[in-house]
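Start from chain U and add chain P according to the hints.
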Amino acid sequence: MAEYKILVVDDEPGIRMGTHRILQNFKVDYPFMDEHIEFKVLEAATGEEGIDIIETEMPDIILLDNKLPGIQGVEVLEYVKKKLYDIVVVMITSYASLELAVKATRDGAYDFIPKPFTPQELRSSIENITKQLFLKRMTQKMNKEGKQIRFQFLSVLSHELKAPINAIEGYLKIMNDKTFGDSLSSYQEMIDRSLERIKGMRSLIMDLLDLTKIESGLPVQRMQPVEISSIARMSMDTMRPYAIQKDVDLYLNSKEKVMMEADPNEIEIIFNNLISNAVKYNKTGGRVDVFIKEKKDAVEIKVSDSGIGMTEEERSTLFQDFVRIKNQKTRNITGSGLGLSIMKKIVDMYHGEIKVQSVPDQGSTFTILFPLN
Amino acid sequence: MKKTILIVDDDPDYLFQIRLKVSQFGFEPITAESQKEAETIIETVKPDLAILDLMMETDDSGFVLAYKIKRKYPDVPIIIATAVTAETGMTFEMNREDDQQWIKADLFLDKGIRADQLHREINKLLKI
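Chains U and P, in that order, give the protein sequences. In terms of the numbering used here, the first sequence opens at residue 1 and continues consecutively. In terms of the numbering used here, the second sequence opens at residue 1 and continues consecutively.
No wet-lab data here; the hints were simulated from the structure. Errors might be hidden in some of the hints.
[As the list claims (entries may be wrong)] In silico DMTMM-like pairs for lysine to aspartate or glutamate, Cα to Cα no more than 20 Å straight-line:
id, chain 1, residue 1, chain 2, residue 2
1, P, Lys36, U, Glu314
2, U, Lys199, P, Asp10
3, P, Lys36, P, Asp59
4, U, Lys199, P, Asp116
5, U, Lys173, P, Asp116
Given the structure is predicted, the values throughout are model-derived calculations rather than measurements.
One chain only, chain U, in its complex shape (with noise of 0.2 Å):
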């Protein structure tokens, strides 16, 4: 249950206490609301005593007449606006003039209720303004989150995709500009780099398209029997050039065959990235060893690495998107970063867990645990 407060401002007091009386057991309820709301009436005789428990109640309605012994109604109405306070105004008045509607409205009123009024009549635009704030407060709130979320994607995805393109073109300005003489050998290294940074570029774009097809949360798995050392091999052999590159070699430790109900695509994105990320963060003449075990009710694949591993900090952000660990090891290591969150997320989807073991500078153990059905 929820409650919105309601302050009566009113010298009158039989109009207090029949606001107090009508709305006591007054609930409203909107067809996807979980709860319903129920209202607290305070009263005020007074605009200067309305101001009071404005300040200390904070309410959520306030029902309001203008003729009032000290300040008037619309003061209070200017102070509530003044303030920015998140407070729907409705004017009460046995006086509802033209001229006093349309001076309200102008200044914030929300509506009007003509005294006097029935019981119905107040009810029913209670439930009306009720209905209204609940929904705008609840657009206010997902606006918030949302852009909140978008605002954070957008400053790393901008910082991430405009770093490369900016060292690239610094890169051809510099050879626009003959900086370093005519002879094009002069700029080999820019020419490397610029390589270098496309590569990086471009996997990024790999991974985020790989991103938001599991962000959608599209269902298009094509679950089906899949044997776990199988898909392993096959990423072996995509990463054997790397790795020949990087002078690390490739172990698979597995006897027997294991199978599991999974989308092979999605099985096989996994060993890409835990086995491209042995090899990239390995030391040279280092080695990966890759073990695919059937535990009694789940298939643990494991994969381990020779490589310069990561502190306890560096460990605990590892899941997270965009994350690249960055440290004097790291600097000439291209990567979007993206690749261990997507790997986590079609873990998630199986149910899965992964754990991360590492020591700095002897290497790291990814395993992941896939429960059996």
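Showing chain P alone in chain U's frame:
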């Protein structure tokens, strides 16, 4: 004597390019690839101006570093160079008082800025 300019950016390519530009302008560049490295440098060196990237180890490394530099050397002008302003509408106009209190940058520049513009802005801050 040449004025020294501290450049801090975790993008090695961008760092190389700005370093080149700054020395073409006739200044002496000192570079750091991280907030941490820059903090070590400023312990012993007082640059005449600093150009900082915003997102390095953390999303606000540039702000934190600017704060630390200004605390140690209040008279060193600081430029924060970012790549993120246009898309997000983040303008950093420093209108809000609570931002002014802790974000200690003299100027925000987009990373795509032209060399001559950068030169002009540096000269302005160094009062050349």
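Results for each hint:
Between Lys36 (chain P) and Glu314 (chain U) the CA atoms are separated by roughly 15 Å; this keeps the pair inside 20 Å, and the hint holds. About 18 Å separates the Cα atoms of Lys199 (chain U) and Asp10 (chain P), which keeps this hinted pair within 20 Å; it holds. Of the supplied pair hints, the one linking Lys36 (chain P) and Asp59 (chain P) holds, its CA atoms being roughly 14 Å apart against a limit of 20 Å. About 30 Å separates the Cα atoms of Lys199 (chain U) and Asp116 (chain P), which puts this hinted pair outside 20 Å; it is violated.
Only pairs whose Cα atoms come within 20 Å are accepted, and Lys173 (chain U) paired with Asp116 (chain P) is accepted, the gap being roughly 13 Å.
Hint 4 from the list above is the single one not met by this structure.
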